[in-house]
Amino acid sequence: MYYAGMIEKELVAASTEPLILSILTKGESYGYELIQEVKRLSGDKIQWTDGMLYPVLHRMEDAGWIKSRWVEVESGRKRKYYSIKKDGHQALKEKREQWTVISSVLGGLWKGQHV
Amino acid sequence: MFNLEQSIAEWRRQMLAAGLKSPTPLNELESHLREDMRGLLATTEAEALAFQLAVLRLGNPGPLRTEFNKLESTACWPARMGYWLYAGAMILMAAFIYMSSWLYFGAGKMGLLPHPFLLYAHVVSLTAGYCAAFFAGCLGICYVCYRFLHTLSPAREQSLDSAARLFAYLATGLTFVGISLGLIWTKRQFGGHFAGDLREFASICAFVWLVALCVTRRISRVTGRARMLMCIAGNVIVSLAWFGPFVLIHGTAGYWPLAIFLGMNLIFLVMGMAPVLERAES
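Heads up: the protein sequence lines correspond to chains A and B, in order.
Heads up: the first sequence begins at -11 in the working numbering, then just goes up one per residue.
Heads up: the second sequence begins at 28 in the working numbering, then just goes up one per residue.
Think of the hints as simulated: they come from the structure by calculation, not from any bench.
Keep in mind it's a predicted model, so treat the numbers as computed, not measured.
Some hints here could point you the wrong way.
[To be verified] Using C-beta positions, here's what the derived DEER-type ranges look like:
1) 302/B - 89/A: 26 to 32 angstroms
2) 25/A - 283/B: 24 to 30 angstroms
3) 291/B - 15/A: 38 to 44 angstroms
4) -1/A - 251/B: 34 to 40 angstroms
5) 30/B - 25/A: 29 to 35 angstroms
6) 33/A - 247/B: 43 to 49 angstroms
7) 247/B - 21/A: 48 to 54 angstroms
Note that CB positions come from ideal geometry on N, CA and C, so glycine has one too.
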């Protein structure tokens, strides 16, 4: 489903939803912009297969975490903007707690180790 | 000479051929393709190359279709449950009508009824048609509830709409068969196609409404919401067509469930027509 330059695809897949939710907490965004933002933030280490982002967005919309609206941008061209909903904030809070636990466990294990 | 619009039209055809039928994701993917093209054109002047690269980055149609189909199949449990419930209900109904006829006329005396199998087929197909209309109406109610609770996503709307369309077509076809068989039976029994029974008139009224429901699906100006509300109105019309003549003949005593059913559907119709206020987001 995903491919990644440096980060394994399973890890990229697992981090997709928290990444999207976190970016959307800053304001509404659209698919292409989300991909560019993730590339920029990760220094091109996280790369999504562009089209595969959309089923994830739709699934998150079905779950009631985000909502969308079509906006006419220029000369009749339309762009679909996504924004986070109340349930999305709650989901992000839960995901953040899980990722923090994993991060702190690994951080503790690796502390002082030279891998 | 490269033509972007032609290339995008060809790309859309390929995606449709690969099975990505739903217009919403396709429009969104096209929007992405155009965005990516614009980004790529900032670094290259070769428009054809930029288009090919953008298509490549978007991904192959096969895996994309698989992902979107997975999404649609899990989008709406009422639609999936509707298919199974309808199939089960029809088997039970056919068996029940056969058994009750058997008991009514006595074992082995079905033959006493004039043209029994023609009448049986008429009753079964008309009941199956009316039930299909009720299933479409129930999906309309689900639509109203999802919309009211702010949980009507595009995938869910698409799923409900597809299922309601199937039930509407099924209802129209089966009701047509039922009415036709009824006309033939009446002709054989009474010598004319119409016996002047109120139920004949009521079933034709229901059929006209069901035809209207199918026709509106071909009119692009009719919104999805209007179609789903028509399905709920179908509940009212079909239930009146089914039970109304009995109420007129026997009186309202014992028909209180019909009143509750009608009232409930009218409430959902009003809910569906009312504007839904945006819920405050934190």
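For each hint, the structure was consulted:
1. 302/B - 89/A: 26 to 32 angstroms: Given a distance of about 44 angstroms, which is not inside 26 to 32 angstroms, the answer is violated.
2. 25/A - 283/B: 24 to 30 angstroms: For residue 25/A and residue 283/B the Cβ distance comes to about 60 angstroms; the hint is violated.
3. 291/B - 15/A: 38 to 44 angstroms: holds, 42 angstroms
4. -1/A - 251/B: 34 to 40 angstroms: holds, 39 angstroms
5. 30/B - 25/A: 29 to 35 angstroms: holds, 32 angstroms
6. 33/A - 247/B: 43 to 49 angstroms: For residue 247/B against residue 33/A, whose Cβ atoms are near 45 angstroms apart, the range 43 to 49 angstroms holds.
7. 247/B - 21/A: 48 to 54 angstroms: violated, 31 angstroms
Consistency with the previously given hints fails for numbers 1, 2, 7, ordered from lowest to highest.
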